[in-house]
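Given chain A, work out where chains B and C should sit, using these hints.
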Amino acid sequence: MSDNPTAVQAQEGLHNPALLHHFATEEQQRDASNFGMWIFLGTEVMFFGGLFCAYLIYRSWYFGDFAAASKSINAALGATNTAVLICSSLTVVLAIWAAQTARRGLLLAMLILTMLFGLAFLGIKGKEYKEKFDEHHVPGTSFSFEHEEIPGHSGQYANPRHAQIFFALYFIMTGLHALHMILGLGIFTWLLIMAWRGYFTPHYHTPLEVGGLYWHFVDIIWIYLFPLLYLIDRHP
Amino acid sequence: MFDNFPLWPQRASSTAGNVDALFIFLIIVSGLMTLLVFSAIIYFAARYRHRKGVLAEQVEGSIPLELTWTIIPLGVFMVIFAWGAVVYFKSRTPPRDAAEVYVVAKQWMWKLEHAEGQREINELHVPVGRDVKLIMTSQDVIHSFFVPAFRMKQDVLPGRYTVLWFRATNPGTYHLFCAQYCGTQHSGMIGNIVVMEPAQYEAWMSGGSNGPLSAGGEKIFAELGCATCHRMDSQGRGPNLQGVFGKPVQLEDGRMVTADENYIRESILDPGAKVVKGFKPVMPTFQGLVSEEQVNALVAYVKSLGIPVPGGVKTSESMPAPQGAPGGGSQVQ
Amino acid sequence: MATATVPAVERENYLNKEYGVGSWLLTTDHKRIALLYLISITFFFFIGGFFALLIRLELLTPAGDLVQADTYNKLFTMHGQVMVFFFLIPSIPAVLGNFLVPMMVGAKDLAFPRINLLSWYLYIIAGIMMLHCMLTGGVDTGWTFYTPFSTAFSNTKVIEAGLAIFVSGFSSILTGLNFVVTIHRMRAPGMTWSRLPLFIWAHYATSIIQILGTPVIAITLVLVVAERALHLGIFDPKLGGDPLLFQHLFWFYSHPAVYIMILPSMGVVTEIIACFSRKRIFGYNFVALSSIAIAVFGFLVWAHHMFVAGISVYAALIFSMLSYSVAVPSAVKVFNWTATLYKGSIHYDAPMLYAFGFLGLFTMGGLTGLFLSALGIDMHVHDTYFVIAHFHYIMVGGALMGYLGGLHFWWPKISGKLYPEGWARLSALIVFIGFNLTFFPQFILGYLGMPRRYYQYPPEFQVLNVLSTAGATVLGIGYLLPMIYFLWSMRYGKPAPDNPWKAAGLEWQTQSPPTTFNFPEEPVVTWEAYNYDEIDKGHKEVQVVG
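Chains as they are written, first to last, in my numbering: chain A, 1 to 236; chain B, 237 to 569; chain C, 570 to 1115.
You may find that some hints are simply not true.
These stretches of chain C come out as covered by chain A in the derived footprint (C-beta under 8 Å, 3 or more residues) [said to hold, decoys possible]:
hint	stretch
1	675 to 683
2	773 to 787
3	798 to 805
4	808 to 817
Derived by calculation from the structure, the hints in this document are not laboratory data.
Here a beta-carbon is modelled for each residue, glycine too, at the ideal position from N, C-alpha and C.
So that you can see chain A by itself, here it is in the shape it has in the complex (with noise of 0.2 Å):
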């Protein structure tokens, strides 16, 4: 817990315009700042959480069914996928140590960059839901999963019903997430203009701190996405 030390801090506070009138100091502010987003990420896990649960349950049950639907979700481009996000969780990582550092030019390098990935995801996630569109296998009045053999059991075919569940909970879970990679881009956005304008300093860059932990997140939550979703029973 903060133990003010009075006056002196308070005072150099005083001269940074981004310290706000109801913090004492900007340790105080940065904590906070840190601390609530962590709890908002927490939140995340338990909004995700929920669909996981019912991802988790209904692949237990229908296995087989599950086996087959996965197998037709094209894992070379989600793979590439996981890969794009992790190369944008190191830029990110990078961005901040520029600001850390005094480095300007590395600092909004790295900002587009990492934007850059953010949107080679969404085009590669966007190119892998056309396939699915193509294969009627978005869940709807137009679905079809007939004949689909179930991997390992040759001459049983899925049940399309069970099916149509993994390709229900497959849009919603990587739809919810894509969301969140647009809202990500969103928040990047304006952190690419704050620094733009050189508000961020060696002494002062929570915001990137801030928006950094949130990108992280939506990177783990993909890094989870990705072998629940396309990677049930693969054989080399």
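Quick look at chains B and C alone, frame taken from chain A:
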């Protein structure tokens, strides 16, 4: 309006007394607790009223007291839990040899069919003193079969069977309510349980039916061609259903399941879900091709296979083949 | 140290600092936001109350003769949704919590004032969506949205209602987030955890539930909306789904939600009892820890709403046992409150009367929870009026009485005016009597077997229903009175001293009403919570760093 003003429901089942006993125990415990707390509050509020010049005495706390009033209530609660668990467990474990009634709930009525074949709508006749087991499913949304006089309810779900059993102890007519909100006429989905003396019940029973439910099931079994694969000589592409009901079944993936009502039902509507070891998953699904009542009849039929009847074990070969069946004659292909 | 004199000229405070709609709608002052919430939730309280009135009027007679079946189904659905999501869940945290949490910890504002304002806007947007839904047809699934009725059978605006509640959930989450960060990081120097008022502990526990639980109902509603809109089969057995999965997901939030509704009220009652007994709360540590225990255990008991739903007997046994464990901390609190009265110096002002009412009604409601947790009883009374009586005792007899008591207690601080004490005591009495008359007969109705959500019923249930409706009328009057005299007091009430109750707590060391930034200088705390002995002996001069 004012002459009928009950404060306690009638008791008409073997469970009712048990439930009431626990309830009364809880009333006593709660009553004592309420009395204790209320008297303490009222006494302290009066005794320690603000008086000019008299200050409050700061009593910080007392660990022994805290432990006491944590542990004692916990102990009492565990007693209540255990008692409630026993009542629940007993009342939800149907005895063997209970008479069976199949219930299909739909918006907004109850359709019942006794195993012996009588059909009822919104009414259930049962004899006093006999165990009755209801095997229930819903055609649409979740309903709940509730008989206050029996102190029993069970939700009725679409897509599976749930079970409720009772032994009626008092002749009379008792309310049947739907207790899970199910749409517009939820409060109209009510009926009666008519508990009769055994003699009266027999009289009522003989008042016409279409024959036992299992016989109806046998007919459907033949009409749908089930016998083609489910042969009694175990040469078919499907398992021999003789005596299968209630026994453990080994599945392809290694699991062991019990062939209960839900298993039979699932095997008809979603045959790929649990494939029996040694068989191929070639059975077509009958989802959408059979009504709930027809599934009930088929389940009743499968149950009846392997039950000794006068003259030996009942098999489908001993029944005349249905008209127009491929191959004709009494030998099922 | 309390000032009995009141300055002749009105001092600058958070109310008169700036005028104009813009200064209110774009405020980041937690106190103004609290008032914005006060107005909005009162509005929704009356809407939910109006639905309740219609329900009780219909139930005067056994036949369904006042409204049609479909209309009745919409009435009880929207009564539940409005009361739960738009009144009870925000009530104390968004009004009293927002107003008091920063002041009680010695801060100028919450950690994230703009997010606080966002919370309110999310609530308003959700409210508008809900109103629109109600005005264009309503929803009839019950507030519990059970599938497959809600996803595949109901012909009403399920999607709109679901989305409205989804948005309101984020309002709740952000409030909880704000509180947790504020309590951790913005405490004034010297304000250690064990010096915090128990109101803060209660809100901390509540916030944990809001943060961890609410997202689960959010995603559940997303799934329901998706299923309904796109004809998916996640909860529909005809398409391979499981309706029980919905119930598990729904109750995983909705059970802890009831603790969101009661814990803050317990915090309020603790403050009131301490002040009007002039004593430190008996067993501070135990009361603080019991709040946390309720929050934690509250997450482990959700399937006690599903004992007859088709879960296995073994699951039922586990959830029944766990449900008893969550009853223990609540009992501990009741005992500690009672023990606080011992050797106190008790005043009977209106807040204390509400606290007494809370003690009585919460005890009764809590005890009936023991009945419901018993498997053998629940199989009879589940989905009957017994359950309705139980939760109304806790939510109305408990949470709402705490809320009213808190409004009265802190009214001088919030408004700078005194409410009329005589009318307030009368209201407390009317509410208590009306409440018992309304809901006690429902326990009997439930055991007799009258199911919930019935608009027509067998005639032998009529007498008890008539009693209940009569009580509801009395209760309604009890609620109207405070609305009237609180409004009256804002114009005509006597100006309030800074600390009319001579209460402990940093919030009372501010002006009535407070200035925008609460404290002229950051306080430094060197005393324990509830230092009533020092206050009453006249020793304690609160040192605010200056």
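Output the numbers, in ascending order, of every earlier hint that fails for this structure. Hint check: nothing fails, all pass.
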